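Peer 1: One letter stands for each residue in the lines below.
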Amino acid sequence: MEDMISFENIIAGYGCTRILDNLSFSVSEGEVFGVIGPNGCGKTTMLNVLTGSIYPISGSLLFKGREIGTLASHKRCRLGIGRTWQIPRPFAGMTVYENVLTSSVHGAGLSMEQGAEKAGGVLDEIGLADKKDTLSGELTLLDRKRLELARAMASDPSVLLLDEAAAGLTENEAKEIMSLVGSLKEKHYTVIWIEHNIETMLNATDRLMCMAEGRNVICGDPGEVMESEIVEELYLGKDI
Amino acid sequence: MRHNPAPVKKRAVLYIVLFLVLLLAGITGFPGNNILRYGFRIFLYITIGEMWNLLSGYAGMTSLGQQAFIGLSGYSLALATTKYGLPFPLGFVSGLIISFAFAFVLSFLLLRIDGMYFAITTWVVAEALGTLFMSMTYVNRGAGMTITATPYPKIGVLYVMALILCALSLVTVVELLKSKLGLAVIAMKDDKQAAEATGVNVKRCRRIVYLIAAGFTALAGSLFFLNKGTIYPESGFDIGWTISMVFIVIIGGSGTVAGPIAGSVIYVLLSEFLAHYPGWSNIILGALAILMILFCPQGIVRLRRRIS
Numbered sequence: 001m002e003d004m005i006s007f008e009n010i011i012a013g014y015g016c017t018r019i020l021d022n023l024s025f026s027v028s029e030g031e032v033f034g035v036i037g038p039n040g041c042g043k044t045t046m047l048n049v050l051t052g053s054i055y056p057i058s059g060s061l062l063f064k065g066r067e068i069g070t071l072a073s074h075k076r077c078r079l080g081i082g083r084t085w086q087i088p089r090p091f092a093g094m095t096v097y098e099n100v101l102t103s104s105v106h107g108a109g110l111s112m113e114q115g116a117e118k119a120g121g122v123l124d125e126i127g128l129a130d131k132k133d134t135l136s137g138e139l140t141l142l143d144r145k146r147l148e149l150a151r152a153m154a155s156d157p158s159v160l161l162l163d164e165a166a167a168g169l170t171e172n173e174a175k176e177i178m179s180l181v182g183s184l185k186e187k188h189y190t191v192i193w194i195e196h197n198i199e200t201m202l203n204a205t206d207r208l209m210c211m212a213e214g215r216n217v218i219c220g221d222p223g224e225v226m227e228s229e230i231v232e233e234l235y236l237g238k239d240i
Numbered sequence: 001m002r003h004n005p006a007p008v009k010k011r012a013v014l015y016i017v018l019f020l021v022l023l024l025a026g027i028t029g030f031p032g033n034n035i036l037r038y039g040f041r042i043f044l045y046i047t048i049g050e051m052w053n054l055l056s057g058y059a060g061m062t063s064l065g066q067q068a069f070i071g072l073s074g075y076s077l078a079l080a081t082t083k084y085g086l087p088f089p090l091g092f093v094s095g096l097i098i099s100f101a102f103a104f105v106l107s108f109l110l111l112r113i114d115g116m117y118f119a120i121t122t123w124v125v126a127e128a129l130g131t132l133f134m135s136m137t138y139v140n141r142g143a144g145m146t147i148t149a150t151p152y153p154k155i156g157v158l159y160v161m162a163l164i165l166c167a168l169s170l171v172t173v174v175e176l177l178k179s180k181l182g183l184a185v186i187a188m189k190d191d192k193q194a195a196e197a198t199g200v201n202v203k204r205c206r207r208i209v210y211l212i213a214a215g216f217t218a219l220a221g222s223l224f225f226l227n228k229g230t231i232y233p234e235s236g237f238d239i240g241w242t243i244s245m246v247f248i249v250i251i252g253g254s255g256t257v258a259g260p261i262a263g264s265v266i267y268v269l270l271s272e273f274l275a276h277y278p279g280w281s282n283i284i285l286g287a288l289a290i291l292m293i294l295f296c297p298q299g300i301v302r303l304r305r306r307i308s
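Just so you know, the sequences run in chain order A and B. Numbers 1 to 240, taken from the working numbering, label the letters of the first sequence in order. Numbers 1 to 308, taken from the working numbering, label the letters of the second sequence in order.
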C-alpha cells in the first residue's frame, strides 16, 4: 500500500529544546497506526509537526509523497490532515454546529450551503445533532471530545490524528469515545492515534510505534511491540 | 451568527424603514440643525465603534492605533482640497486609498504579533505618525491645515453622508459575520492554532478584517474633519479617538453588533452633557467604563437581554 505519511529523520522542538530526535516512520493508506510512549517522549510534538503547528528543524515530512514540512497549517488541513487535541479546544464562542461548519467550509473548502449539509451529516454520525445549538463552551468533556472528532471529520480528511481521545474520561465515557474511534477504520480513514490506554491500542490498531526521547524505538505488530523487552523496560522505568 | 431566516427578514424590513426615516430627516432637515449635528456625530461614532468592535470584539485584534487612519484621512482631505484644489469627494477617495495602503503595509508587521504586543505596536505607530506630521513642513507642521470645500456642505448633507457610511458599516459587519470569513474571524479569536488546524487561513482573515476596519475608520475621519474644517496633528492622531471607541464598545457590549450603536448614543449624549463640566468629563467617562467592566462586563445590550 502507498505511504500516506512519512517522517524521515525529523528533528524538531520548541526554542532550544529538541523534542524529536531523528524520528522516522511511515503510515500506509487506510492504516490505524497507534503511538505509545512515556510522557514527554514527543508524541504530541510529532502531531504538531505533522499539522504545521511547529516546523521541523531538519528532515523530510511527506504526505502522499509530497514534501509538506514547510507548508502552513491551514494548507495541510485542506490537503486532508485533520486532528483532535489532547485537551479539547472547541471555539467556545460558537455553537456546536458553527464549530463543525467552520471546519467544513474552511477545511473541506465547501460553500456555506454544502458546508451546512456536511456539518449536519457529521453531527448526526457523531451523535451531537441534538446539541447543535448548544454553545460549545457549555459541553461536557465527553461531548467536547466528540465535537473535536466531528470538527476533524468535517474537514474531509484522509488522515485523522487523534491525541489521547479518551484522556480524562470515565471508564464508560472512554468506551463510548473508543467505539466512535473504532468505527473510523470502517470509514477508510488513515488514523494516527496517540493513547495511554494500551489495551485499547492492542485491539484497535494495525501497527504500533513506541517512542522514547523523541525517537522511534520500536514499531510493528501491536502484540509484538507490547511484548518487546524495550517497551517493558520503558514502562517499568528501566534505562534504555 | 444564528441562521434563522424568518425573523431576520422581518428585522431587515424594520431596519430599512428606520434608515429611510432617518434619511428623510436629513434630506428635509425637519429635526433642526442641532439634532442633525447630534445624529451626525452618533453615526460617525457608530461607524468607528463597529470597526473597533470588529477588530477587538470579534477578531481579537485589540488596536490602540485606529487614530492613525483618522489622522491620515483627515490630512489627505486637507491636502487634496486646500493644497491641490480638488473637490472634497476626491479627498475622501485619496484618504481611503492612503489608509488602505498604509494598513496593508503595516499588516505585514502586525500579523506577526498578538495580544498586548499588537495593541502597543498599533499605538506606537499612530504616535509616530503624529510626531512625523508635527515636524513635516509639507503639512504645516504643528500649525495644522484647513479644509476647504466649495460649496461647503451643510449639516444636512454631512448628516446624510454619515448616515450612509454608518449603514454601510453595519451591513458590512452583519454580512461579514454571516459569511465564511465571519466563522473564521470568531474561530481565530477563540483559538488561533485550532482555527489554523481547521483550515482557516488566519493571516489572510486578520488582514482582511484590519483593512476593512482601516477603510471605514478613514472615511469616518474624513467626514469628521470635513465638518470641523481644520486638522492638527494633535487632533488627527489623538489617542482620544481610540479611547472613545473602547468606551463605546465597553459600554454597549463587545462582540455584538448592537453594542456599539447603544454605546455611541450614550457616549455622544454624555460627552455633550459633560462638556459643561470641563475637567470632569474624562473622569466621569472613565469611572463609568470601570463600573461597566466590574458590574456589567458584557455591556448594556446584554444587560438588557438578561433583564428581559
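Heads up, some of the hints might be wrong.
If you only want the chain B side, here are some residues facing chain A, beta carbon under 8 Å, derived [to be verified]: (1) K10; (2) R11; (3) T146; (4) T148; (5) A184; (6) I186; (7) A187; (8) D190; (9) D191; (10) A194; (11) A197.
Here are the simulated lysine-lysine pairs, BS3-like style, with alpha carbons at most 27 Å apart [stated by the list, open to error]: (12) B:K154 x A:K131; (13) A:K131 x B:K192; (14) B:K154 x A:K75; (15) B:K180 x A:K132; (16) A:K75 x B:K192; (17) A:K131 x B:K180.
Quick partial rundown of chain B residues pointing at chain A, CB under 10 Å, derived from the structure [unchecked claim]: (18) V174; (19) K178; (20) S179; (21) A195; (22) E196; (23) T198; (24) N201; (25) K203; (26) H276; (27) P278.
Hints in this document: simulated from the structure, not taken from any laboratory. Please read these numbers as outputs of a predicted model, since none were measured by experiment. Beta carbons are placed, not taken as given, at the ideal position from N, Cα and C, and that holds for glycine.
Peer 1: It remains to establish, for every hint, whether it holds in the given structure.
Peer 2: Checked hints:
| no. | hint | in the structure |
| --- | --- | --- |
| 1 | K10 | 20 Å, violated |
| 2 | R11 | 19 Å, violated |
| 3 | T146 | 46 Å, violated |
| 4 | T148 | 47 Å, violated |
| 5 | A184 | 6 Å, holds |
| 6 | I186 | 5 Å, holds |
| 7 | A187 | 5 Å, holds |
| 8 | D190 | 4 Å, holds |
| 9 | D191 | 5 Å, holds |
| 10 | A194 | 4 Å, holds |
| 11 | A197 | 5 Å, holds |
| 12 | B:K154 x A:K131 | 55 Å, violated |
| 13 | A:K131 x B:K192 | 24 Å, holds |
| 14 | B:K154 x A:K75 | 52 Å, violated |
| 15 | B:K180 x A:K132 | 18 Å, holds |
| 16 | A:K75 x B:K192 | 15 Å, holds |
| 17 | A:K131 x B:K180 | 22 Å, holds |
| 18 | V174 | 15 Å, violated |
| 19 | K178 | 8 Å, holds |
| 20 | S179 | 7 Å, holds |
| 21 | A195 | 7 Å, holds |
| 22 | E196 | 4 Å, holds |
| 23 | T198 | 5 Å, holds |
| 24 | N201 | 5 Å, holds |
| 25 | K203 | 8 Å, holds |
| 26 | H276 | 41 Å, violated |
| 27 | P278 | 41 Å, violated |
The structure fails hints 1, 2, 3, 4, 12, 14, 18, 26, 27 (numbered hints given earlier, in ascending order).
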